[in-house]
Amino acid sequence: MGDDGSWNLMSRCCGKCWHSLEYPCRNYIRCRTEGPLCHDDQRCRTLRSERVRYIKEGPNGYRIKVPLASCSIAAGAKEVLDAVKEVVESLGIPSDAVKTVGCTGLCYLDPWLELKAPGMPAALYGNVKPAEVEGILKKYFIENDVSGAYAISERTGKARGEGDVPTLSELDVWRLQVRYVSRNCGVVNPESIEDYIAYGGYRGLDRALRMSPEEVIEEVKKSGLRGRGGAGFPTWLKWRICRNQPSKEKYVIVNADEGDPGAFMNRLLAESDPHRVLEGLIIAGYAVGATKGFIFVRAEKPLMAERLQKAVEEARKHGILGKNILGRGFDFDVEVILSAGAFVCGEETALIAAIEGRATPRQRPPYPAVVGLWGKPTVINNVETLAHVATLMAEGWESFAAYGTERSKGTKMFCVTGAVKRTGAYEVPIGTTLRTLVEKIAGGVKEGRKLKAVQIGGPSGGCVPAHLLDTPIDYESLRDAGAIMGSGGIVVMDDTACMVDVARYFTSFIVAESCGKCFPCRIGTKILYDTLTKITEGKGTLEDLEILESVGRVVRDASLCALGGTAPNPVLSTLRHFRDEYLAHIIDKKCPAGVCTKLLKYRINPDKCVGCGTCAKHCPAGAISKDEKSGKYVIDQEKCVKCGTCVTICPVNAVVKEV
Amino acid sequence: MVRVIVNGKEVHVPEGETILTALKKAGDAVPTLCFFGHMYREASCRMCLVELSNGKLVPACAYPVSDGLEVRTDTPRVREARRTVVEFILSIHRIRCWSCPRKGGNCELLKLATAYWVEGIPVCSSCPLYGRDCLVVKGEPCLGPITLAGCSDPCPSNGSPCIGCRGPVTRKDVLEAAAQFYVSNGVELRDVLEVASMFWEGLPNYDSLKASLEEAFKKALGGGED
Amino acid sequence: MAQLLKLIPRETTPGALAHDVAAKYGRERRYLIRMLQEIQSTYGYLPQEALRVIANELRIPLTEVLTVATFYHQFRLEKPGEFIIMLCMGTACHLRGNAANYEFLRTYLGIKPGRSTTSDGVFSVEKARCFGCCSLAPVVMVVSRDGSYRKLYGGVTPAKLRRIIAEHRAKLAKKR
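Chains as they are written, first to last, in my numbering: chain A, 139 to 797; chain B, 1318 to 1543; chain C, 13 to 188.
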């Protein structure tokens, strides 16, 4: 029986079903949707197929989807949900038509609503305000009018206003994506195992458990899957090494401690489709012969932790975790561990140390696959990698290998943020060019602005300048351009971004995150940061550029772990591609983009100033005062903190920023 | 036993040992700082870096040997890395050699700094005159605190003050601390400069050095705390 | 998760709580981070006394506890204000002006250099790691000391920050 006592897919259909936690049925997963398989009964069959239809299409074909992921909640999705719940019954729509789902990755539309009525095309509404909900619902369900929607699923010719609304597949942002691992995001209810199974979930596990562990590793090898955490190490190889260790105890860990600023695809996947991640983890555990798995998730992302925890509990309740999983004699359990948040935990040895209660990486080799958690062989995989494993095990390696390039197969999710029109998380085949991703899918920079650079890979990555935008996104091409794939955060910068400031920003991040164990990273990054600060303050010399280069080189070569090894990347890549900006700061003492506060000045144009005093009232530093003689206001440069409030607040635009 | 090639020379070491053992066997020493036998082998200091045939720099003290491993201990990259690491360490080191208990030839940093030509450590670090024997304490304008180390200090060893023949230390914080030391022992700037001018007046940076010294003395006389 | 973040009655002293928490996890060194998380979820920060008790209970030096407590961003050693204003320092937020917002907020609230809390103990201003809400950049989150209330604001400007401050001052006045 379901939680509320009603029948659901996870319940037994009739007394003939003998499945129990003690004596699990081997066909348990397939039986849920295709069943019953152990006996033939038309009534049971209808019960199951009706339920699947109910989940997929909603009661009588009515469906209202509201996304509940941290990003959409922040944008006001909970208020939208409340507004929907309030009006839904008065419109004659069954209240269970309202379904909370995860996030599709189209963050620029948050919070969105997806409506579906029988015979009508599904319609997607973006940036919905709670006050508009009633109007939108009425228009769609009562007047059968889809005008005002952002997109519709298809043209049926039955709804009014269809002509003015594009279909999703006509939009670049959807057409150019391949929704392979993110297929369920925004489709299933992340808090329901039933939903996941109705959409084909745990089929990969079912299939994997019918194979031998070696065959599973072989399958992953054929798919060509490489780690999605950044370095691109072949997943099968890591598993094989770990499997070949003689130790009886082995562990698998999913690294959900996403700390890369500007990357949130792991959070999105785990919040929208947590069971897929869990399924991948169980498969990994089976393949390497582990008895226990850990989900290492950041405490600062509470919703993600909560949903993963819930997924684990539900899976345990239904025998997908625990003893003798699906009757195949495989014992496996999972523990969720809350990380206290440290970027260095992306480094495998540091992550292990964090679970053990310390916090620093150690010299490799031996690799964790040989000597890992508590000295036992351990495999650590990224959230996205494991989600891919679950998907490709369900669909066969060919479905995965059909995408991508010769050396890097499959798809990858990227978070495109910064100065683009459509911020979001998009899944594309590896080998797609940056231009497609940034200009077509994400819509490019805002009107009147010029794209300057694309930063890939977060603090360990580098900046790719606009003229290299045709670089295909794969591990090798990006490395040649001075960046790395990283976890897939892409920050787009237009001409309002100062590249020296960007380098300084990333270095400050590394300085704060360096664990302090080895000298090159602890001291070297501080030297880099101090030198960059000096340059942004206009005190730099040409010699400083040499210091940046030589120190950067040594930090890269001599550091203990990958954090230090990649720390100088933002500096070295901006130095390589944007040397002229450094020179402008050093020689002309100017910041061309007008970002570095020490190099710019706010001034009130006395010809324009009307003496209203708004700026003086709003200046947080009290730096603006009235010049009694002229009656105009002036800024005291000594006191000014350069926050720019006066520029935005002046009613006559008298305040000017001087670069 | 596995075969390891150190700088082209073949040595055999037991499996599970580190590169450092192989280096010792081959007689090619590398500097180590943080390594302490079985008590500490966490590869923090990165002084013992060696280059592998695949171009990677790895710490000899923690990297396990494998059969056919090729190791080079003295390539330009290794030297640059080590030198920079010494620079890093010195950059956060509070150099006060005249009052350091390791003074008199016991200083690891002095050895590394001289071996890799990193400036910053003054002659005092190797000077054998302790406490009340110190010439500055006796009020003499000995240039030890502001002269580059590395000469194995023949002058102070024989009781005569250092005359700065190896050239000056230019690090501002060292000069300031040294000025403090001079002032507290009643040595005047005039006397120091008189000795210093002998060897240093011809240096291109003498003027700026003089200015820094003057400033440091002024700060010290102004009652600035060390 | 639920049992991990469960609030422990506030009457207990930090030391007594630390003692209980240590006992709950069997005084094992590997659960140190979880113990600290639990203490912080009660007090909103890690009181000195609790850290000392934890060190004692685990038979490890206090420095080792402090190493962990200072290394992770989640932990606070200073008592925060009633409301903690966390400015996201992700790349997108940085580029869209949260660095200037941070300066503005500190000046506006008159927070002294080296401190992070206002002298009346109402607001704390902190830089935080990426919240992953980059589409709303720049983002600010306001959290109450015990973590029970949290609200996220997107597209923040100095003018909007003023409103946020006023809103929370009013909220506090109402509570009192």
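No lab work stands behind these hints: they were computed from the structure.
Do not rely on the hints blindly, as some may be mistaken.
[As the list claims (entries may be wrong)] Pairs of lysine to aspartate or glutamate residues, derived as EDC-like cross-links and limited to a Cα-Cα distance of at most 16 Å, are as follows:
#1 Lys664/A with Asp1345/B
#2 Lys559/A with Asp310/A
#3 Lys664/A with Asp632/A
#4 Lys672/A with Asp682/A
#5 Lys1342/B with Glu1387/B
#6 Lys780/A with Glu115/C
#7 Lys727/A with Glu675/A
#8 Lys727/A with Glu766/A
#9 Lys1341/B with Glu1404/B
#10 Lys746/A with Asp765/A
#11 Lys777/A with Asp132/C
#12 Lys1489/B with Glu1531/B
#13 Lys163/C with Glu217/A
#14 Lys91/C with Glu40/C
#15 Lys736/A with Asp132/C
[Claimed, not checked] Per the computed footprint, the stretches of chain C lying under chain A, defined by three or more beta-carbons under 8 Å from a beta-carbon of chain A, are:
#16 25-39
#17 54-67
#18 77-83
#19 124-131
#20 146-152
#21 176-184
Beta carbons: idealized from backbone N, C-alpha and C, even for Gly.
Going through the hints against the structure:
Restraint check for Lys664/A and Asp1345/B: the C-alpha separation of about 33 Å exceeds 16 Å, so the hint is violated. Taken as a hint, the Lys559/A and Asp310/A pair is honoured in the structure, with Cα atoms around 13 Å apart against an allowance of 16 Å. For the proposed pair Lys664/A and Asp632/A, the alpha carbon gap of about 28 Å is over 16 Å, so the pair is violated. Between Lys672/A and Asp682/A, the direct Cα distance comes to roughly 9 Å. Compliance with the 16 Å bound is thereby established for this hinted pair.
A hinted pair counts as satisfied when its Cα atoms are at most 16 Å apart, and Lys1342/B with Glu1387/B qualifies at roughly 14 Å. About 8 Å separates the Cα atoms of Lys780/A and Glu115/C, which keeps this hinted pair within 16 Å; it holds. Taking the CA atoms of Lys727/A and Glu675/A, the gap is near 8 Å; set against the 16 Å cutoff, the hint holds. For a cut-off of 16 Å, the pair hint linking Lys727/A to Glu766/A is broken: about 33 Å separates their Cα positions.
With a C-alpha separation of about 26 Å, the suggested pairing of Lys1341/B with Glu1404/B is violated against the 16 Å cut-off. Between the alpha carbons of Lys746/A and Asp765/A the distance comes to roughly 14 Å, so the proposed pair stays at or under 16 Å and holds. For the suggested pair Lys777/A and Asp132/C, the alpha carbons sit about 24 Å apart, so the restraint of at most 16 Å is broken. For the proposed pair Lys1489/B and Glu1531/B, the alpha carbon gap of about 11 Å is at most 16 Å, so the pair holds.
Among the hinted pairs, Lys163/C with Glu217/A is consistent with the structure: their alpha-carbon atoms are about 13 Å apart, no more than 16 Å. Between Lys91/C and Glu40/C, the direct Cα distance comes to roughly 27 Å. Violation of the 16 Å bound is thereby established for this hinted pair. For the hint pairing Lys736/A with Asp132/C, the CA-to-CA distance comes to about 31 Å; that exceeds 16 Å, so the pair is violated. Only residues whose beta carbon comes within less than 8 Å of a beta carbon in chain A count, and the region 25-39 of chain C has 0; fewer than three means the coverage is violated.
Only residues whose beta carbon comes within less than 8 Å of a beta carbon in chain A count, and the region 54-67 of chain C has 0; fewer than three means the coverage is violated. Interface restraint, the region 77-83 of chain C with chain A: holds (3 residues with C-beta to C-beta distance below 8 Å; minimum three). Beta-carbon proximity to chain A at under 8 Å applies to 0 residues in the region 124-131 of chain C; the threshold of 3 is not reached and the given coverage is violated. With a threshold of 8 Å between beta carbons, the proposed coverage of the region 146-152 of chain C by chain A holds, since 5 of its residues qualify and at least three are required.
Residues of the region 176-184 of chain C with a Cβ under 8 Å from some Cβ of chain A number 0, which does not satisfy the need for three, so the listed coverage is violated.
In summary, the structure is inconsistent with hints 1, 3, 8, 9, 11, 14, 15, 16, 17, 19 and 21 from the numbered list given earlier, while agreeing with the others.
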